[in-house]
Amino acid sequence: MTRLAATAHAMTQSAESHGFLSPTGVEIAFLLVGLLTFGAALVTVTTRQLVHAALWLVVALGGLAVEYLLLTAEFIAWVQVLIYVGSVVVLLLFGLMLTKAPIGRSPDADSGNRWAALTVAVAAAAALVWVVVDAFRTTWIDLDGPAAGSTEVTGASLFQNWVLPFEALSVLLLAALVGAIVLSRKAKAESSSPPVNSRAGSGGSPSVPDSRNHPIEGTRPAAPAESRTAAHPEEPADHQKPDPAHDPADAGTTTEQEGAR
Amino acid sequence: MHLAYPAVLSALLFCTGVYGVLARRNAILVLMSVELMLNAVNLNLVAFDVWLSRTAEETLHSGQALTLFTVAIAAAEIGIGLAIVLAVYRNRGTSHIDKLRDTAEGHGPDDTDPSLPDSDALAAEQAEKAEAST
Amino acid sequence: MTTTTLAALVPVLPFLGANAGLLLGRTAPGFVRPLAVLPTLTSLVLAVLVAVRQGGDAAVDAATELTPTGSVPIELALHIDGFAALVAVLVGVVASCVQIYSVGYLRDDPRYPSYAALVSLFTSAMLLVVYSGDLIVLLVGWEVMGICSYFLVGHYWETPEARAASIKAFLVTKLGDVPFLIGLFALAGDTGSFEITKILDAVAHDGLDHPTLIALLLLAGVAGKSAQFPLHTWLPDAMAGPTPVSALIHAATMVAAGVYFIARLLPVFAASAAAMVVLAAMAAITMAGSGLAALAQDDIKRVLAYSTIGQLGYMTGALAVADRGAAVFHLLSHGAFKALLFLAAGVIIHAAGTNSLAAMSRMGHLRDRVPDAYWTMTVALLALAAIPPFSGFFSKESVLGAAEHVSTGHTEHAPAAAGWLVLLAGLLTALLTAAYAARLWLLAFRGRGADAPDHGRQPLTMTVVLWVLAVPSLAMGGLAYRLLPDWFDGRDLAPTLTTSVLGTGLALIGGIVTYAAWRHTTAHAARVPLGAVAAHPEGGASLVEAEAVAGHEPAYGDIAGAADPADPSRLLLGPLHHPAAAGFHLDAVYRVLFVRPVQAAASLVQFLDREVVDTYVRAAGTLPRWLGTAVRRAQTGNVQTYVSALLAGTVVLAVAAVLVASGA
Numbered sequence: 001m002t003r004l005a006a007t008a009h010a011m012t013q014s015a016e017s018h019g020f021l022s023p024t025g026v027e028i029a030f031l032l033v034g035l036l037t038f039g040a041a042l043v044t045v046t047t048r049q050l051v052h053a054a055l056w057l058v059v060a061l062g063g064l065a066v067e068y069l070l071l072t073a074e075f076i077a078w079v080q081v082l083i084y085v086g087s088v089v090v091l092l093l094f095g096l097m098l099t100k101a102p103i104g105r106s107p108d109a110d111s112g113n114r115w116a117a118l119t120v121a122v123a124a125a126a127a128l129v130w131v132v133v134d135a136f137r138t139t140w141i142d143l144d145g146p147a148a149g150s151t152e153v154t155g156a157s158l159f160q161n162w163v164l165p166f167e168a169l170s171v172l173l174l175a176a177l178v179g180a181i182v183l184s185r186k187a188k189a190e191s192s193s194p195p196v197n198s199r200a201g202s203g204g205s206p207s208v209p210d211s212r213n214h215p216i217e218g219t220r221p222a223a224p225a226e227s228r229t230a231a232h233p234e235e236p237a238d239h240q241k242p243d244p245a246h247d248p249a250d251a252g253t254t255t256e257q258e259g260a261r
Numbered sequence: 001m002h003l004a005y006p007a008v009l010s011a012l013l014f015c016t017g018v019y020g021v022l023a024r025r026n027a028i029l030v031l032m033s034v035e036l037m038l039n040a041v042n043l044n045l046v047a048f049d050v051w052l053s054r055t056a057e058e059t060l061h062s063g064q065a066l067t068l069f070t071v072a073i074a075a076a077e078i079g080i081g082l083a084i085v086l087a088v089y090r091n092r093g094t095s096h097i098d099k100l101r102d103t104a105e106g107h108g109p110d111d112t113d114p115s116l117p118d119s120d121a122l123a124a125e126q127a128e129k130a131e132a133s134t
Numbered sequence: 001m002t003t004t005t006l007a008a009l010v011p012v013l014p015f016l017g018a019n020a021g022l023l024l025g026r027t028a029p030g031f032v033r034p035l036a037v038l039p040t041l042t043s044l045v046l047a048v049l050v051a052v053r054q055g056g057d058a059a060v061d062a063a064t065e066l067t068p069t070g071s072v073p074i075e076l077a078l079h080i081d082g083f084a085a086l087v088a089v090l091v092g093v094v095a096s097c098v099q100i101y102s103v104g105y106l107r108d109d110p111r112y113p114s115y116a117a118l119v120s121l122f123t124s125a126m127l128l129v130v131y132s133g134d135l136i137v138l139l140v141g142w143e144v145m146g147i148c149s150y151f152l153v154g155h156y157w158e159t160p161e162a163r164a165a166s167i168k169a170f171l172v173t174k175l176g177d178v179p180f181l182i183g184l185f186a187l188a189g190d191t192g193s194f195e196i197t198k199i200l201d202a203v204a205h206d207g208l209d210h211p212t213l214i215a216l217l218l219l220a221g222v223a224g225k226s227a228q229f230p231l232h233t234w235l236p237d238a239m240a241g242p243t244p245v246s247a248l249i250h251a252a253t254m255v256a257a258g259v260y261f262i263a264r265l266l267p268v269f270a271a272s273a274a275a276m277v278v279l280a281a282m283a284a285i286t287m288a289g290s291g292l293a294a295l296a297q298d299d300i301k302r303v304l305a306y307s308t309i310g311q312l313g314y315m316t317g318a319l320a321v322a323d324r325g326a327a328v329f330h331l332l333s334h335g336a337f338k339a340l341l342f343l344a345a346g347v348i349i350h351a352a353g354t355n356s357l358a359a360m361s362r363m364g365h366l367r368d369r370v371p372d373a374y375w376t377m378t379v380a381l382l383a384l385a386a387i388p389p390f391s392g393f394f395s396k397e398s399v400l401g402a403a404e405h406v407s408t409g410h411t412e413h414a415p416a417a418a419g420w421l422v423l424l425a426g427l428l429t430a431l432l433t434a435a436y437a438a439r440l441w442l443l444a445f446r447g448r449g450a451d452a453p454d455h456g457r458q459p460l461t462m463t464v465v466l467w468v469l470a471v472p473s474l475a476m477g478g479l480a481y482r483l484l485p486d487w488f489d490g491r492d493l494a495p496t497l498t499t500s501v502l503g504t505g506l507a508l509i510g511g512i513v514t515y516a517a518w519r520h521t522t523a524h525a526a527r528v529p530l531g532a533v534a535a536h537p538e539g540g541a542s543l544v545e546a547e548a549v550a551g552h553e554p555a556y557g558d559i560a561g562a563a564d565p566a567d568p569s570r571l572l573l574g575p576l577h578h579p580a581a582a583g584f585h586l587d588a589v590y591r592v593l594f595v596r597p598v599q600a601a602a603s604l605v606q607f608l609d610r611e612v613v614d615t616y617v618r619a620a621g622t623l624p625r626w627l628g629t630a631v632r633r634a635q636t637g638n639v640q641t642y643v644s645a646l647l648a649g650t651v652v653l654a655v656a657a658v659l660v661a662s663g664a
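Chains as they are written, first to last, in full-length UniProt numbering: chain R, 1 to 261; chain A, 1 to 134; chain D, 1 to 664.
Derived by calculation from the structure, the hints in this document are not laboratory data. Just to be clear, a hint being listed does not mean it is correct.
Stated by the list, open to error - What follows is a list of derived Cβ distance ranges for each label pair:
(1) R:D144 to D:V631: 56 to 64 Å
(2) A:T70 to R:D144: 41 to 49 Å
(3) D:A619 to R:T139: 55 to 63 Å
(4) D:A645 to R:V51: 28 to 36 Å
To be verified - Stretches of chain D that chain R covers, calculated by requiring three or more beta carbons in the stretch to come under 8 Å of a beta carbon on chain R:
(5) 387 to 400
(6) 654 to 662
Predicted, not measured: the structure shown is a model, and the values here were computed from it. Think of the CB as a built atom: it goes at the ideal place given N, C-alpha and C, for glycine as much as any other residue.
Just chain R, same shape as in the assembly:
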């Protein structure tokens, strides 16, 4: 409710800022798509269904791509669609599946921190909107003329002025690639070297060789006093994981199996 009020407040302010102008067609389109994007973003951070959150994220990111187009930055728009909608969201969906995120409504999707988060977010939104509106009340973008973000312009700028950061960025991507692989393949590294991520808390657990594929099993004897009552709602009973006895100790294989499932 507070969030909606804040949103309405923000919208009112933005409406006021152009109240003395007759809105152009581009502005109306931008406003509508912006509302859609913002609504999708709100649903993304509030929905209780985790997979729906990812799907609403697609809507929000796609809406943003449309906004880029409206701002004549067409290359950015396509990149947005390709990378975000095409790969990032898919990666996130994979992540959801790999961590056995429940399908359907999960009542505890928000943490106990939500009221503090809401306060901070609303305060930040109020402050930002106030400052931005106050600063750019009399500023217009001239969208006529040649597109500011066509592929040609962008490419020329990128490879004339930004080529060195571009190359550095490629190294960063390589590093991220290697890092992700290393993090994901730690199971094999663990069998020959001390576990990188082993903690003192699980140090007392017996080192059963095949439990290394699933270190959660290793932590089980370390918590014998836990009450074994209610199964967690995020863990439906039919959601079984692969049998560790036949698992060839490879996270990639697990990913494939989970993906197949």
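Model the placement of chains A and D on the given structure of chain R, informed by the hints.
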């Protein structure tokens, strides 16, 4: 077009992302919220680049270039982030970041925290499987 | 040896004996008895020698300054005049008798070595007080007596009565000693010396700046030590101590010290007429009240204790009329017969197995069991009742004569009011004294009922001493009243006709009335069985006494009185009996007036300390702990919380920065 439209939309999206980062329990949802924040910044960069490229004679299109860099970095971030979340999940049996409280004052290791039901369910599940395999 | 050396040896010998007894008490028990008796006997001989050499002539003075002590010098000084010489002889006689008696009385007592050493120390301290010519040295002996009385009264510390009595004796006497000390300093401040001769010179020539204040301050200490109203309450309770200790305290040492001190410094007191009147009033109240209380007591030793208080009242009364010769005369004769009374009472308690007169009055033939105690006690009681020709008659008549002399206005040393007070109270007390003496004798020796238990003869050490003391009780007065004026101030001590007739007549009336009342009530005695005896009557005398002391309150419901309808005092006192038995409830009054307020103040202080002061202390610890807890709560380990706080702070800072930048 009035510059306040993209600026305000960017601010609202950013704050929505902030809310998601602070309030969501699942680490992957937190990553999604981070993506929202990054996109809000991207929108800002693009809008101001367009505005400046019209007003200035010579421009480096730095906004669009930085947007592209941000997209790349976001891709790397999401890859590394997901890898970390997966590693944590495999170690702790949970991807809920409010259960990861090893740095708390006066708390034991979070995998012995009695309020943690996830490893319970997993342990029970594991016990069932152990029975089934024997 | 010079007289000075002999006199110095008199207090030193018992002191050395006490130290040796304490040191050898465990390792060489065989030496304990000789070490207890011989030094005391030797110092008795030396005291007699000193008295003979001094002979009532000019006082022997000797002083040596050990170390400079500032503006007012403190010297080891001897001042031996006739008073000192004779009182020292009395102390030596009584202490020797007590030591010899104790050999028999405490023969089975495991704590005899420390007991004997403390008695020796007590004796030494009293001799020091007697001979000392310097007030600070006198104060040393004075306080040593206080602590010795504490230990000796608490000798039977297994019984709660003895523990309470010892603490009470110590505290009450100290209550008087604090103003006493201040008075000594004030006196030295006025006269510039602690030496008695110089003080008396200064008083005689220059007078004092604050005579009344000093006299009243010193009087407080004397009242505590000599058990005068209102600080007398410790003395009856001190009967919880062994009987020889009671004899020593009552006859010669502790209570005599106060009277002796006033006698020494009488010009200081006489300098203030107000102080003399106060002293007279104190003496009068003490005499009359103690006589009534003594009549109602059931414990034989408490009767004697109240009688001591009354006789001390006679002495202070004599001092109040500025006749120290009469006071010390009565001190000497009273020392003899009161020591005898107590020692004989110890024998009786041992023989009867109880200290209750009510129980004794139901025993037949008690006097046949203890013939020595019977005869000597009869003598001593006659002396106490001041029947001629026993010694008490002459000394008491000298007091009454002096009072009569003052009351008719024949002297300028003391106000006539003091004389009248002392004279009337003294005559009343003569009546009461005879009454309670007769009651004691009748109840103890004329009892009817089952025969008293027979434990065989008492030890020789105990009976011989009685006869030794019976001699001065019987004969000293008649011989001494002619000789003593040469030793004292030279004032005539012979009895005057008026007071003799009055006093003796009243005493006879008291005795006869008591006899009549006893005849009337004794018929009830057989109908009301009463009495409890010690559980181990065949044990040693001290064991029997300890059991009797501990058993009196459970057996009779009160430490002082007994619900005995056959008691003639009930008939005599009527409704006064109950308050008299309880010492006129002075203890209760003190409890209300002093003990309760002190306890309330203590609990207030405790409350303030625990609830107020400690609150700050605890708060000093608790507040940081709460702060720490509050800060610790922030360390939840939840990264989202941290980031929330971080962003909230950022927003606040950003808004503040914007506001500042925009000048709002």
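Hints and how they fare:
1. R:D144 to D:V631: 56 to 64 Å: holds (59 Å)
2. A:T70 to R:D144: 41 to 49 Å: violated (27 Å)
3. D:A619 to R:T139: 55 to 63 Å: holds (59 Å)
4. D:A645 to R:V51: 28 to 36 Å: Check passed, 31 Å falls within 28 to 36 Å.
5. 387 to 400: violated (count 0)
6. 654 to 662: holds (count 3)
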